[in-house]
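**Q** Each chain, letter by letter, is given below.
Protein chains: 2
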Amino acid sequence: MEEMTAEIKKLIAREDEALLQQKVDELYPADLAEVLVDTTEEETEVLVDLIEEEKLAHILAEVDYEVEKKLLKFLSNNRLTYILDEMYSDDVVDLLGALNIGQTKEFLTLMKQEEAEQIQHLLGYDEESAGGRMTTEYIAMKQDKTVAESIQKLRDIAPEAEMIYYIYVVDEKQELTGVLSMRELIAASPEKKVKDIMHEQVITVNLSLDQEEVAQIISKYDLLAVPVVNRQGLLLGIITFDDILDVIEEEATEDMHKMAGNVEVDVEHEGEVINGVIRRLPWLIILLFASLLSANVLEFFEDVLNTVVILTFFMPTLAGTGGNAATQSLAVVVRGLAIGDIKSKEILGYLWNELKVGVLIALSCGLIIGLVAFIWQGNYMLGTVVGLAMIGNIITATVIGTAMPFIINYFGADPAVAAGPFITTLIDVFGYFIYFSLAKLFINYL
Amino acid sequence: MEEMTAEIKKLIAREDEALLQQKVDELYPADLAEVLVDTTEEETEVLVDLIEEEKLAHILAEVDYEVEKKLLKFLSNNRLTYILDEMYSDDVVDLLGALNIGQTKEFLTLMKQEEAEQIQHLLGYDEESAGGRMTTEYIAMKQDKTVAESIQKLRDIAPEAEMIYYIYVVDEKQELTGVLSMRELIAASPEKKVKDIMHEQVITVNLSLDQEEVAQIISKYDLLAVPVVNRQGLLLGIITFDDILDVIEEEATEDMHKMAGNVEVDVEHEGEVINGVIRRLPWLIILLFASLLSANVLEFFEDVLNTVVILTFFMPTLAGTGGNAATQSLAVVVRGLAIGDIKSKEILGYLWNELKVGVLIALSCGLIIGLVAFIWQGNYMLGTVVGLAMIGNIITATVIGTAMPFIINYFGADPAVAAGPFITTLIDVFGYFIYFSLAKLFINYL
Numbered sequence: 001m002e003e004m005t006a007e008i009k010k011l012i013a014r015e016d017e018a019l020l021q022q023k024v025d026e027l028y029p030a031d032l033a034e035v036l037v038d039t040t041e042e043e044t045e046v047l048v049d050l051i052e053e054e055k056l057a058h059i060l061a062e063v064d065y066e067v068e069k070k071l072l073k074f075l076s077n078n079r080l081t082y083i084l085d086e087m088y089s090d091d092v093v094d095l096l097g098a099l100n101i102g103q104t105k106e107f108l109t110l111m112k113q114e115e116a117e118q119i120q121h122l123l124g125y126d127e128e129s130a131g132g133r134m135t136t137e138y139i140a141m142k143q144d145k146t147v148a149e150s151i152q153k154l155r156d157i158a159p160e161a162e163m164i165y166y167i168y169v170v171d172e173k174q175e176l177t178g179v180l181s182m183r184e185l186i187a188a189s190p191e192k193k194v195k196d197i198m199h200e201q202v203i204t205v206n207l208s209l210d211q212e213e214v215a216q217i218i219s220k221y222d223l224l225a226v227p228v229v230n231r232q233g234l235l236l237g238i239i240t241f242d243d244i245l246d247v248i249e250e251e252a253t254e255d256m257h258k259m260a261g262n263v264e265v266d267v268e269h270e271g272e273v274i275n276g277v278i279r280r281l282p283w284l285i286i287l288l289f290a291s292l293l294s295a296n297v298l299e300f301f302e303d304v305l306n307t308v309v310i311l312t313f314f315m316p317t318l319a320g321t322g323g324n325a326a327t328q329s330l331a332v333v334v335r336g337l338a339i340g341d342i343k344s345k346e347i348l349g350y351l352w353n354e355l356k357v358g359v360l361i362a363l364s365c366g367l368i369i370g371l372v373a374f375i376w377q378g379n380y381m382l383g384t385v386v387g388l389a390m391i392g393n394i395i396t397a398t399v400i401g402t403a404m405p406f407i408i409n410y411f412g413a414d415p416a417v418a419a420g421p422f423i424t425t426l427i428d429v430f431g432y433f434i435y436f437s438l439a440k441l442f443i444n445y446l
Numbered sequence: 001m002e003e004m005t006a007e008i009k010k011l012i013a014r015e016d017e018a019l020l021q022q023k024v025d026e027l028y029p030a031d032l033a034e035v036l037v038d039t040t041e042e043e044t045e046v047l048v049d050l051i052e053e054e055k056l057a058h059i060l061a062e063v064d065y066e067v068e069k070k071l072l073k074f075l076s077n078n079r080l081t082y083i084l085d086e087m088y089s090d091d092v093v094d095l096l097g098a099l100n101i102g103q104t105k106e107f108l109t110l111m112k113q114e115e116a117e118q119i120q121h122l123l124g125y126d127e128e129s130a131g132g133r134m135t136t137e138y139i140a141m142k143q144d145k146t147v148a149e150s151i152q153k154l155r156d157i158a159p160e161a162e163m164i165y166y167i168y169v170v171d172e173k174q175e176l177t178g179v180l181s182m183r184e185l186i187a188a189s190p191e192k193k194v195k196d197i198m199h200e201q202v203i204t205v206n207l208s209l210d211q212e213e214v215a216q217i218i219s220k221y222d223l224l225a226v227p228v229v230n231r232q233g234l235l236l237g238i239i240t241f242d243d244i245l246d247v248i249e250e251e252a253t254e255d256m257h258k259m260a261g262n263v264e265v266d267v268e269h270e271g272e273v274i275n276g277v278i279r280r281l282p283w284l285i286i287l288l289f290a291s292l293l294s295a296n297v298l299e300f301f302e303d304v305l306n307t308v309v310i311l312t313f314f315m316p317t318l319a320g321t322g323g324n325a326a327t328q329s330l331a332v333v334v335r336g337l338a339i340g341d342i343k344s345k346e347i348l349g350y351l352w353n354e355l356k357v358g359v360l361i362a363l364s365c366g367l368i369i370g371l372v373a374f375i376w377q378g379n380y381m382l383g384t385v386v387g388l389a390m391i392g393n394i395i396t397a398t399v400i401g402t403a404m405p406f407i408i409n410y411f412g413a414d415p416a417v418a419a420g421p422f423i424t425t426l427i428d429v430f431g432y433f434i435y436f437s438l439a440k441l442f443i444n445y446l
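Protein chains in written order, with this note's numbering: chain A, 1 to 446; chain B, 1 to 446.
Careful, some of the hints might be misleading.
Pairs count within a copy or across copies, as identical chains cannot be separated in the list.
[Claimed, not checked] Dumping the calculated DSS-like pairs for lysine-lysine here, alpha-carbon to alpha-carbon at most 25 angstroms:
1) LYS220 / LYS343
2) LYS153 / LYS192
3) LYS193 / LYS153
4) LYS220 / LYS9
5) LYS55 / LYS220
6) LYS343 / LYS356
7) LYS55 / LYS112
8) LYS142 / LYS440
9) LYS142 / LYS10
10) LYS345 / LYS9
11) LYS193 / LYS23
12) LYS23 / LYS195
13) LYS9 / LYS173
14) LYS356 / LYS23
15) LYS112 / LYS343
These aren't lab readings, by the way, just hints derived from the structure by calculation.
Construct the entire structure; sequences and hints are all you get.
**A** Structural data, given as structure tokens:
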């Protein structure tokens, strides 16, 4: 792709319009979208003029806010009217969602009244809910239609709909009564009625369902699309698999960032220095103050530290290993809860299992560090204290690392937030307390 | 779902076959697959007898190895022959891939010769490559067929194919020459030839492409399926979007686990204690030894530690904050590289940007911890040393956290592996070195 971008930039510089037009026509919208991330304002202007409206509609559905702004600058109202008409409603909603209210209103005036009203309606739903993700370009049939009639209707409206492979069957009140796939429609005998071949049991999602759960349903049942209904069972829209692919990627990214302690999530681009600072600093400062708890524990044991300075040498290893063990347990539970492989009810079984793993790991690491301390400093009591501290530390870490996500999940928060940094800071405190308590106990032999 | 499982278990206990059969018929394969995760051997036997073969084929395609084994135990060779015939080739490959060679051979003898040969062929590809993921139940047409003939052919073979919405066009040598969607086929006039309406530019993937890259392509171009070709351009199979949903989830899970330092990845189930230990202990031990580097740094500064014990109090905060800052930078780059939002060439721009963020964060945190140290211990020189150490520490952490994934990526390894624990261990070493070097410099004023 980087070569493609370079080549296009070269053609623009050379003002070779003929070859440029050919390249632009050859490229898929998704590719052009990538090229447009790296073009200057001047280059963008040249390109926008060469790309046909239908392709621009696809491109605008792909790109993020930055590129969107760049593109909109060079589109006349005339072209924009055509483009908005070409775009599916969920993509228009995404596009307008990024603009301010004044701009949004201006855009809505460019659309047909009926469509503008629909879009305005969709803009009212929470962005991350089924309502905010759905498109209204689905195919619905009345149940008394025959297979032949349905195929004819499909042929007529195919270019308009975002997903034509599922046909939803509704009654007069627009209530969803069944579904059938194009595969079934095409294999059925033409004179049969739709209601005789449809499936009456339909997997649906409610308007307000969170997008992550919508993704889980689409993925579990391997659907191309899922219909969105309100409480009365009226069909309002559909969510297609390709939007769900994006959701799954987004949510995985979000979880990973939360685990790393980034407050907000977005891939950062150059020039966003202040945003980067604002995003990260709050957590760092909270954690900084949390870690001062460890400083208090150390002050509490100042006499021990004063007497036996070599105890300090093993602080990083104890704290580090405890934190690592906790993070390992944590990752298993956080991800398991996120993709639904672990149920929140299973906490006790999980804790028990993790505890067994934790004890074995603790014994192994305790033995190793104990031997290292003994051999290095030639002090068998030091080895014993460091080894025992490691054992206590890892067992505590495993229990906290396993239990914490369940607890946070129970209170309705996202377990990924709890993760990594916060827990390791907490475990430091316990770890140092165990270590220096043991040391104090055996201080006369050290 | 948990209620559904409980209800079914109750019906089995009550031996209410009629109601049980009704429930089983009502449930989707994906739901039955979930129920079967929690059933005992006896319950499984009862259920398997009640589920029809077609549904069992879908269930076997969904469940993981544990459940698979449980189910296979209660299936006669007769039923199995029917089920294997019903399953798509990629799912059969997954199923057989989990068995040992003897069992695999036994299964292959149950299949039709032609299919068995095909499966054997597929089993030869790397599990995580396009070849290992593809199915051979696609729809291919010759380019001279008319639209009407094609629709008729579709009607006949629809039940066999895994994906009938993309029709691939091949020449006599089975070389892929074009593609068209069922949507386009159905909208075209019946007498037209396939070659006149097909797209000649087809997005394909090579047999050996990694599944993560296949996922990126399907997601980028919003495809329902992508054709798999060999170097000669011969069409060998397709990979459908639903398999890709699984890949995206798997890969995100894998990345998260790698970042947490779990060597191998799988949601852990009860009774897998030894596996859990084997999976986690190696990394922990490697990191334990790595952290002893910090111990060496501390020993090197033993005299400083002996003189000013209060320096110890700030060790956890310095190390912790440095580690957290590094992890934040890391998460942005690792995830960005994984989903393709960051290109490996962009390292310098990124580093520069992160450095700016890092300096601002470092100054803020340095000021805070410096003030805390000064106020707490009433020693302005201590405040200065701790504050300066924090600044140096965070800047180092940011640079290492940003650069490391790029470097690891450059050498062809997965940047997620490098992550979290390893880098924080490394940063501890630098952090302590900076801290105690500064302390040594100012030792007379502390």
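**Q** Can you give the numbers of the hints that this structure goes against, from lowest to highest?
**A** 8, 9, 11, 13, 14, 15
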